[in-house]
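Engineer: Based on the provided sequences and hints, a complete structural model is requested.
Now for the letters of each chain:
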Amino acid sequence: MMNNTDAMSLTLGESKVRSRRWLVWVAAIAVPLLLPLVFRSGYALSMMCQMGIAVIFALSYNMLLGQSGLLSFGHAVYYGLGGYASIHALNAIGAGKLDFPVTLLPLIGGVTGLFFGIVFGYASTKRAGTVFAMISLGIGELMAAGSTVLPGFGGEAGISANRVTGKGLFGITYGPPVQVYYLIALWLVVSAILMYALTQTPLGRMANAVRDNPERAQFVGYNPQRVRFITLVLSAFFAGVAGGLTAINYEIVTQEYLTAHTSVTPLLMTFIGGAGYFFGPVLGAILVTFLQVVLGAYTKAWPLYMGVVFISTVLFAPQGLAGIVMQHRQVWSAGLMRRLVPAYAKVFVPACALLLGTICLVESTYHLTTEAQAGTQMSLFRIPLDVATPAPWIGAAALIAIGLYFFRRSCAAAALSWEGITAELQRRKSP
Amino acid sequence: MEFFLTSLLNGLSYGLLLFMLSSGLTLIFSMMGVLNFAHASFYMLGAYFAYQISSAIGFWPALVIAPLVLGLAGALLERYGLRTVHKSGHVAELLFTVGVALLVEEIVPLIWGRMAVKYAIPRELDFTLFSLFSTSFPAYRGFMLLVSVGMMVLLYVVLTRSRIGLIIQAALTHPEMVGALGHNVPRVFMLVFGVGTALAGLAGVIGGNAFVTEPSMAAAVGSIVFVIAVVGGLGSLEGAFIASLVLGIIQTFSVALDYSLSDLFAGSEVALLHDEALRSLFSIRISQMAPMIPYLVMVLMLIFRPQGLMGKRE
Amino acid sequence: MSEKIARAGILVIFAVFLMAWPAVAADTIKIAHIDPMSGAFADAGERADKMLRAVVNEINAKGGVLGGKKLEVVTLDNKQSPQESLLMLKKATDEGIHFITQGHGSNNAAALSEAITKIYQRTPEKAVLYLNFSAVDPELTNDKCNFWHFRFDSNSDMKVAAIVSYLARQKSVKKVYLIGQDYAHGRAVRDAARRLLAQKLPNVKIVGDDLHPTGKVKDFSPYVAKIKASGADTVITGNWGNNDLGLLVKAGKEGGLKVNWFTFYAEAGGTPAAIGEAGVDHVYQVSEYHTNIPNSSIEPFVRKFEKETGMSFYYLRMKTAIEMLAKAINQAKSADPLKVAKALEGMRYQSATGEVWMRPEDHQLMAPLYISVMTKAGPKLKYKHDVNRSGFGFRTEALIALKDSVLPTTCRMARP
Numbered sequence: 001m002m003n004n005t006d007a008m009s010l011t012l013g014e015s016k017v018r019s020r021r022w023l024v025w026v027a028a029i030a031v032p033l034l035l036p037l038v039f040r041s042g043y044a045l046s047m048m049c050q051m052g053i054a055v056i057f058a059l060s061y062n063m064l065l066g067q068s069g070l071l072s073f074g075h076a077v078y079y080g081l082g083g084y085a086s087i088h089a090l091n092a093i094g095a096g097k098l099d100f101p102v103t104l105l106p107l108i109g110g111v112t113g114l115f116f117g118i119v120f121g122y123a124s125t126k127r128a129g130t131v132f133a134m135i136s137l138g139i140g141e142l143m144a145a146g147s148t149v150l151p152g153f154g155g156e157a158g159i160s161a162n163r164v165t166g167k168g169l170f171g172i173t174y175g176p177p178v179q180v181y182y183l184i185a186l187w188l189v190v191s192a193i194l195m196y197a198l199t200q201t202p203l204g205r206m207a208n209a210v211r212d213n214p215e216r217a218q219f220v221g222y223n224p225q226r227v228r229f230i231t232l233v234l235s236a237f238f239a240g241v242a243g244g245l246t247a248i249n250y251e252i253v254t255q256e257y258l259t260a261h262t263s264v265t266p267l268l269m270t271f272i273g274g275a276g277y278f279f280g281p282v283l284g285a286i287l288v289t290f291l292q293v294v295l296g297a298y299t300k301a302w303p304l305y306m307g308v309v310f311i312s313t314v315l316f317a318p319q320g321l322a323g324i325v326m327q328h329r330q331v332w333s334a335g336l337m338r339r340l341v342p343a344y345a346k347v348f349v350p351a352c353a354l355l356l357g358t359i360c361l362v363e364s365t366y367h368l369t370t371e372a373q374a375g376t377q378m379s380l381f382r383i384p385l386d387v388a389t390p391a392p393w394i395g396a397a398a399l400i401a402i403g404l405y406f407f408r409r410s411c412a413a414a415a416l417s418w419e420g421i422t423a424e425l426q427r428r429k430s431p
Numbered sequence: 001m002e003f004f005l006t007s008l009l010n011g012l013s014y015g016l017l018l019f020m021l022s023s024g025l026t027l028i029f030s031m032m033g034v035l036n037f038a039h040a041s042f043y044m045l046g047a048y049f050a051y052q053i054s055s056a057i058g059f060w061p062a063l064v065i066a067p068l069v070l071g072l073a074g075a076l077l078e079r080y081g082l083r084t085v086h087k088s089g090h091v092a093e094l095l096f097t098v099g100v101a102l103l104v105e106e107i108v109p110l111i112w113g114r115m116a117v118k119y120a121i122p123r124e125l126d127f128t129l130f131s132l133f134s135t136s137f138p139a140y141r142g143f144m145l146l147v148s149v150g151m152m153v154l155l156y157v158v159l160t161r162s163r164i165g166l167i168i169q170a171a172l173t174h175p176e177m178v179g180a181l182g183h184n185v186p187r188v189f190m191l192v193f194g195v196g197t198a199l200a201g202l203a204g205v206i207g208g209n210a211f212v213t214e215p216s217m218a219a220a221v222g223s224i225v226f227v228i229a230v231v232g233g234l235g236s237l238e239g240a241f242i243a244s245l246v247l248g249i250i251q252t253f254s255v256a257l258d259y260s261l262s263d264l265f266a267g268s269e270v271a272l273l274h275d276e277a278l279r280s281l282f283s284i285r286i287s288q289m290a291p292m293i294p295y296l297v298m299v300l301m302l303i304f305r306p307q308g309l310m311g312k313r314e
Numbered sequence: 001m002s003e004k005i006a007r008a009g010i011l012v013i014f015a016v017f018l019m020a021w022p023a024v025a026a027d028t029i030k031i032a033h034i035d036p037m038s039g040a041f042a043d044a045g046e047r048a049d050k051m052l053r054a055v056v057n058e059i060n061a062k063g064g065v066l067g068g069k070k071l072e073v074v075t076l077d078n079k080q081s082p083q084e085s086l087l088m089l090k091k092a093t094d095e096g097i098h099f100i101t102q103g104h105g106s107n108n109a110a111a112l113s114e115a116i117t118k119i120y121q122r123t124p125e126k127a128v129l130y131l132n133f134s135a136v137d138p139e140l141t142n143d144k145c146n147f148w149h150f151r152f153d154s155n156s157d158m159k160v161a162a163i164v165s166y167l168a169r170q171k172s173v174k175k176v177y178l179i180g181q182d183y184a185h186g187r188a189v190r191d192a193a194r195r196l197l198a199q200k201l202p203n204v205k206i207v208g209d210d211l212h213p214t215g216k217v218k219d220f221s222p223y224v225a226k227i228k229a230s231g232a233d234t235v236i237t238g239n240w241g242n243n244d245l246g247l248l249v250k251a252g253k254e255g256g257l258k259v260n261w262f263t264f265y266a267e268a269g270g271t272p273a274a275i276g277e278a279g280v281d282h283v284y285q286v287s288e289y290h291t292n293i294p295n296s297s298i299e300p301f302v303r304k305f306e307k308e309t310g311m312s313f314y315y316l317r318m319k320t321a322i323e324m325l326a327k328a329i330n331q332a333k334s335a336d337p338l339k340v341a342k343a344l345e346g347m348r349y350q351s352a353t354g355e356v357w358m359r360p361e362d363h364q365l366m367a368p369l370y371i372s373v374m375t376k377a378g379p380k381l382k383y384k385h386d387v388n389r390s391g392f393g394f395r396t397e398a399l400i401a402l403k404d405s406v407l408p409t410t411c412r413m414a415r416p
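Chains A, B and C are the protein sequences, given in the same order.
Just so it is clear: in the first sequence, position 75 is 75 by the numbering used here, and no numbers are missing.
Just so it is clear: in the second sequence, position 152 is 152 by the numbering used here, and no numbers are missing.
Just so it is clear: in the third sequence, position 360 is 360 by the numbering used here, and no numbers are missing.
Since the hints were made in silico from the structure, they are not lab data.
For clarity, every value in this text was computed on a predicted model and none was experimentally measured.
Any given hint could turn out to be false.
What the hints assert, rightly or not - Where chain B lies over chain C, by a calculated footprint (3+ residues, C-beta under 8 Å):
| hint | segment |
| --- | --- |
| 1 | 66 to 80 |
| 2 | 142 to 151 |
| 3 | 209 to 219 |
| 4 | 264 to 274 |
Cβ atoms here follow ideal geometry from the backbone N, Cα and C, with glycine treated the same way.
Structural biologist: Right under this line is the structure:
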């Protein structure tokens, strides 16, 4: 797996890398702060809140998947329990039983995550691989089933609270959504910096070593089990922070926070974004949240499209979005992008046709089967279609067939020019 | 007594259905080392295919055709999907099956709608087999038992006694050797995957009309199937068989247990019970806890005996 | 050159982001319908949405409100999750919508009800009035009641009271079994049944009660064995859906259980088809409406709806809700939510099945309830109207007078 630094040091000097990385971090801090000035509507704001939380959650997940090679199906446990603890604390603050600033509430979520990370992690990190995946699934399902019966989870209705309690500090009451957004942005930046710093510590390096070769890591004197345990506990902490932020954002925590679905979401985000890179989950979390929210408003078939994106990533781009970006970055800085553009342009057109055909097919079928009673008229991209006539079906089939044919051909061409470029890069690297 | 016997019968038949479901998963895992997250999706597809076929030409042809179609689909999926991601490792394979599960879950309502479809028990089997005291035992349940046991015996015999079974087992441990002997190892894997999905399909054909054929049926059994495979010992058919029966019976009987911790302390004044939260915790009945039991068993098993009931040590 | 392309690309992406924001449109009074439109519960949400649109179309065809203003439905998908419900509520307030309606899931209802209180506290100009047409958790009009929430369905306590008053007339009822889904609704039904049976029918014994996980039980035969062992003759269940209600009744028939089932939602969606033969003459339902009410004034509307959509009309209460909203807007001579809410309080209205009344203390609609029983139905049979072409419908067994289902409330409403 290509490392961030490897890719850059190919063409840039070490000092230049430093300054660039510094710039990236400045941008990473500035962008979230400036976004609310661009997107003012409450809807956009709440979507950005979701994105911020998703980024923390996905980054914490990637501490396991990407950095330690642990595939977890139960990350929701720490997120959800962190959320429940925070909402209980928020209620206690509201009732005057607890004196604690709302700004630091995610810390309670984090500590709760940490605690349960210690409890469950002790048992689950004894082994890696499939056994770890299965234990995490088991613990996840256990907590999900337990939350419906055990007291303290508020049953199906969940537990709600009011985040506007007390006087507030300097006029910050967390009543207006923009204040909540900045709270999330603050925690996002702090958590991201901490998680990045962790990857640079000996622990982070050992996690990589344990992922790649546990025997060798053990040989050098590190106990792989302990490395996995500590990583899981820390990752659970950040998942708990994300849970605490969600509790503040929605002012409600429900069983849904603990379900398998919540556990799979960061997996999707991380994998689509690229588990091999620190910023991969960031990209993935932003894209998946955007798709979920915006696509969900336009089409009922959004989970299907999500599934297609996910499976395409697994099949064709296992490095994820970040992987694609980094590969092209390398080409870009070598000044070879120009060679790729024509090949990509040729792929772009049939890819669009293929996409359009698929969308047309999916939407028409959806309309026919799940909305049969609403009549056969529908509109796609403002074009009226009648699914009872053969036109949309023939059109979709034709688009798919033609698109697929040319897509495969142009893909082959693109692969060829990509190979040429890789060869060129190799040549430059070893003159 | 009547209650005990009926519950035992119910537990047995539920357990055997669970076995039907998990045998394919176990088979695939034992042979290929792949945990197929899409297994329950094939179960659901089996039910829907059977519904479609049986409404055209009847239940009995569907019983044969639907699993065959699914076996073929599974084999193709292995050939063109799983094999491509195989080089990226087990995690990629696992994620691929997760993706397939997500897709199937969306495609099924796309084709058959969100409502349950009318997939009914065949007329020939819609009668009472025998009556136990005043509880009748439906013939279809008997049929389920029969198919499940038949499946177990057949699988066992084929795997341990037949030539093809020996090749399959050898291909797992010594792929190069088997390849050198002139057997097409990738094709063996394709075959195994196909058989595994066909078994899931068969369970769907039989389970679909015994229960309800609807788009959420895969999600409903998805994780319980894993519990069986893990508790039985990943890759062990015998273990899966025992685990299915035990879990089926435990779950059936736990429904009947109306005891809670507070019953234990009934009569004696325990100071703890004045606390509201503790009191509600103590008043949860075992029957309410029933859905948690399988997962609890699974987690404990993984911690204390990770190889499962009958699994081999790593 | 490549940088230019990159810049253009970024611009395009931003443009897409911007376009994704919904534009504010024409001069109509919008009602946001927040219910599941995707996922496992989408069927129920989509059905409700079609009925809502039919109801709104009828009002608009008659000239709308305020002398010509039209109502408009904005459908928002909450994916059956309280959290998504709040997100959709935010979207609605962002678009300047002041009226929302929702029906599926008391958990979503509770989340929405709390959120609209906060909206009024934090941004009074965005106040939202919430018409709840089917979430029946009694809490919503008792301890958790709220000025901006109006419920048009009888809550589960009232429905249980109606069942109990019906059982009181049946001499054969001796032993009652309670079974329900292990969540707020199932528990509320169980608690109400225990309380009301003990109060009103001291001679009837409760021989057992069970809560099972929602939507997870595939094999109900152990529960059936338990019910059978208890010797019950009547079962009261809050269960709904193809699984938890359909499978339960089917398992009962398979296991030779001979009881009458008293249910809340046997008529909804595909449930009659899922229950099938097993339910005929044995599955009872308590509801404000069913398919075979003779000579009701809603008849032409229902037949037109059936013809246009191919599905049966189910939510009379939703129709009542929207019609009362229209009447309140006209009375208030404004679409200001506060004025409309005040007009709705205490409103009396002639619905298709009789007079209904919005009780001002807790904003709970008082409406007559029917006890009906499942029956074979079809165009050629005595009962003409089957539910969603299943071949099964319902026939009236009793009409419960208001006095038998009205219960006091613990609501202490904070008014603006």
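Engineer: Broken hints, numbered, in rising order?
Structural biologist: 1 and 2
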